[in-house]
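**Student:** Protein chains in written order, with my numbering: chain A, 8 to 240; chain B, 36 to 313.
Think of the hints as simulated: they come from the structure by calculation, not from any bench. Be careful, since some hints might not be right.
In the EDC-like style, the derived pairs of lysine to aspartate or glutamate whose C-alpha atoms are separated by at most 20 Å in a straight line are [claimed, not checked]:
hint, chain 1, residue 1, chain 2, residue 2
1, B, Lys197, A, Asp205
2, A, Lys172, A, Glu199
3, A, Lys43, A, Asp149
4, A, Lys101, B, Glu41
5, B, Lys197, A, Glu105
6, A, Lys121, B, Glu41
7, B, Lys250, A, Glu199
8, B, Lys250, A, Glu105
9, B, Lys197, A, Glu180
10, B, Lys299, A, Glu105
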Amino acid sequence: MHFSKEVVKLRDVWVAYSGSDRPAMCNINLTVPLGKLVLITGPNGAGKTTLIETCLGLLKPYRGSAYLFGVDTRSWRIRHARRMCGFVPQDFMKPPFEAYTVRHVIRLGFAPYKSIFESLTEDEDRRIRRVSELLEIEDLLDRPIGTLSGGQQQRAVIARALVRKPRALFLDEPFSSLDREGRRLISRVVREYVRAEDASVIIVSHDVNPIIDYADIVVRMENGRIVSGEGYA
Amino acid sequence: MKVMLEFLGLALLAAVLSGNLCGAIGFYVQRLRITTLSFSVAHAALAGASIGLILNFDPVYSAMIVAVASALILGMIFARIEYGRELISMAVFSASSAVAIFAIYMSNVRVLATASIAVVLWGSLLAITVEKLILLLLTLFMFILYIIAYRIQIDSMLYDVKMAEAEGVNVQMHMLIMLFFAGLIISSSLRLTGGFLVFTLLYNPVAASFQISRKAHLQLLASSILGAASASFGLLVSYTLDWPVGATIAIVSSIILLSAYMMKVLVEAFRRRCLSRP
Numbered sequence: 008m009h010f011s012k013e014v015v016k017l018r019d020v021w022v023a024y025s026g027s028d029r030p031a032m033c034n035i036n037l038t039v040p041l042g043k044l045v046l047i048t049g050p051n052g053a054g055k056t057t058l059i060e061t062c063l064g065l066l067k068p069y070r071g072s073a074y075l076f077g078v079d080t081r082s083w084r085i086r087h088a089r090r091m092c093g094f095v096p097q098d099f100m101k102p103p104f105e106a107y108t109v110r111h112v113i114r115l116g117f118a119p120y121k122s123i124f125e126s127l128t129e130d131e132d133r134r135i136r137r138v139s140e141l142l143e144i145e146d147l148l149d150r151p152i153g154t155l156s157g158g159q160q161q162r163a164v165i166a167r168a169l170v171r172k173p174r175a176l177f178l179d180e181p182f183s184s185l186d187r188e189g190r191r192l193i194s195r196v197v198r199e200y201v202r203a204e205d206a207s208v209i210i211v212s213h214d215v216n217p218i219i220d221y222a223d224i225v226v227r228m229e230n231g232r233i234v235s236g237e238g239y240a
Numbered sequence: 036m037k038v039m040l041e042f043l044g045l046a047l048l049a050a051v052l053s054g055n056l057c058g059a060i061g062f063y064v065q066r067l068r069i070t071t072l073s074f075s076v077a078h079a080a081l082a083g084a085s086i087g088l089i090l091n092f093d094p095v096y097s098a099m100i101v102a103v104a105s106a107l108i109l110g111m112i113f114a115r116i117e118y119g120r121e122l123i124s125m126a127v128f129s130a131s132s133a134v135a136i137f138a139i140y141m142s143n144v145r146v147l148a149t150a151s152i153a154v155v156l157w158g159s160l161l162a163i164t165v166e167k168l169i170l171l172l173l174t175l176f177m178f179i180l181y182i183i184a185y186r187i188q189i190d191s192m193l194y195d196v197k198m199a200e201a202e203g204v205n206v207q208m209h210m211l212i213m214l215f216f217a218g219l220i221i222s223s224s225l226r227l228t229g230g231f232l233v234f235t236l237l238y239n240p241v242a243a244s245f246q247i248s249r250k251a252h253l254q255l256l257a258s259s260i261l262g263a264a265s266a267s268f269g270l271l272v273s274y275t276l277d278w279p280v281g282a283t284i285a286i287v288s289s290i291i292l293l294s295a296y297m298m299k300v301l302v303e304a305f306r307r308r309c310l311s312r313p
C-alpha cells in the first residue's frame, strides 16, 4: 500500500461534537511533513486534543478534509495509516483495580500487526525490554499498571507507543503527570527518536518549556482556531 | 423415569452451555461498554421469537435472525454516531417489546401458559432438544475460536478502546462480531430463560465476577462459571419445586450476585481490621 510522505494534511477542517451547537475546531489548515517535531500549544479548551484526534481520524470533520499519510480519515483504509502511528491519549490513567501488567500493556501495542492466532516474537519481547530501559521502567514491567503512579503509568503508555516504531508519534499532554526529571527524560527520548527514525512527533501540550527549544513547528491554538504558527504550511 | 432423566440431563447440559456463553459474552459487552446495546438486542430477540409464533416458524431461529440483524444494524449505526446511543438503544428496546406483545396478541395461541408462549416469555424445560443443544455447542465452539484467534486485538480493546482504534486495530469489526455473538447467544438461550429474563444470565454473573476479582481473565472465567452455575442450579430447583424455569434461574443468579457482594464486603472489612491492628 502506498502512503504519502506528508504525515498530516488538514484542509479547511471544521469539527464539531454531536449535540454541540458550536464547532470545536474551525477552518484549520495544517501540513506536517516527515521528520519534524511539531508542538501544538494553547490554553484549556483551545481545541488541541480535538486537533490530534482529528489527525488520527478518531474525529471526522464535517467540513474540509483530513489526511493521515495521504489517506482520507473518512476512508476505511485509515486503519492501515494508523498502524504507522503511536498515540498517547490525555486520559491514559487507569484505576487502582486495573490488573494488566506494564509488560502486557506495552505488548498490546503490537496488536494491530498480528494476524489470527499469531503471538509475540522474541524480537518484539526484546524491543519491549529495550524501550522500557530507555524510559527507566524496566523494574515495573511485571507490576499491575493500576498500582503505579500517574508518572509511571504515563511512561508505560509512551513505551507502548514507541515500541511500535511509529513513523508518526501523537502525544497528547505527555508531560502532564511527570516530574522535572521525567519531563527531561521524555523530551530527550522524543528528540532522539525523531533524529534516529526520521519520524514525526506531534505533541499537544499547554506546558511548552520541556520541548519548545527542539520543536521545528510551533502552532498556537485558541478557541478552536490556529492563531499563530512558526514553520507550518 | 429413564426418559425423564435423559430429558433432564439434556436440559442440564443446555443450561450449562447457555449460562457459560451468557456469562462470557456479558463480560465482553460490559468491558466494551455496549451493555445498553446488548439489552436492545435481547429485546429484539424476544420480538423475533414472537414473530415466529405468528409465522409458525421455530421461535429460536426467528429470534436469531432478528437479534443478529438488529445487532449488526445497531453496531453500524453506533460506529457512526458519538452521542445519543443510549436513547437509540431505549427506542429499539421499546419498539421490540411492543412488537413482541403485538405478535403474541396476534398469534393463534391466546393463553399465556401454553407451551409455545411459555418458551418465548418465561422459558421452558420442554423446549430443550438435541438440535438446540447442537446449536449451543456450535455457538460455543465458534465463540472460543474467535476469542483465541483475536486474543491480542480483543485484549487491546478491553484495555482501552480509543488507543486500540488509534493504533489501527479494527475496532468496528470486532464490535460487530461481539454483537453478532451477543445476538446468537441471547437467541440460543431464549428457550431456557425466556425473553424477559435472558439478561439476568447476561449481567448478573459478570456483576458477581467483578465482586470476586479485579483481574480481567479471572473475571471472564468467574463470569462464565457463575453463569453456568446459575443456569444449571436454577434449572434443578425449578424441576424439583415445579417453578417456572426462567424466573428460578433469575432468582438463583440474583442470589449468587448478592452473595458475591456480601462476601466482598466481609473480606474487605476483615482486611481493614487486620491492617488496623498494631
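**Student:** Hint by hint, note whether the structure agrees.
**Tutor:** Results for each hint:
1. Lys197(B) - Asp205(A): violated (26 Å)
2. Lys172(A) - Glu199(A): Holds - the C-alpha atoms of Glu199(A) and Lys172(A) are around 13 Å apart, at most 20 Å.
3. Lys43(A) - Asp149(A): This hinted pair is violated, its Cα atoms lying about 34 Å apart.
4. Lys101(A) - Glu41(B): violated (50 Å)
5. Lys197(B) - Glu105(A): At roughly 16 Å apart (the allowed maximum being 20 Å), Glu105(A) and Lys197(B) satisfy the hint.
6. Lys121(A) - Glu41(B): violated (45 Å)
7. Lys250(B) - Glu199(A): Not satisfied, since the Cα-Cα distance of roughly 36 Å exceeds 20 Å.
8. Lys250(B) - Glu105(A): Holds - the C-alpha atoms of Glu105(A) and Lys250(B) are around 7 Å apart, at most 20 Å.
9. Lys197(B) - Glu180(A): holds (16 Å)
10. Lys299(B) - Glu105(A): holds (17 Å)
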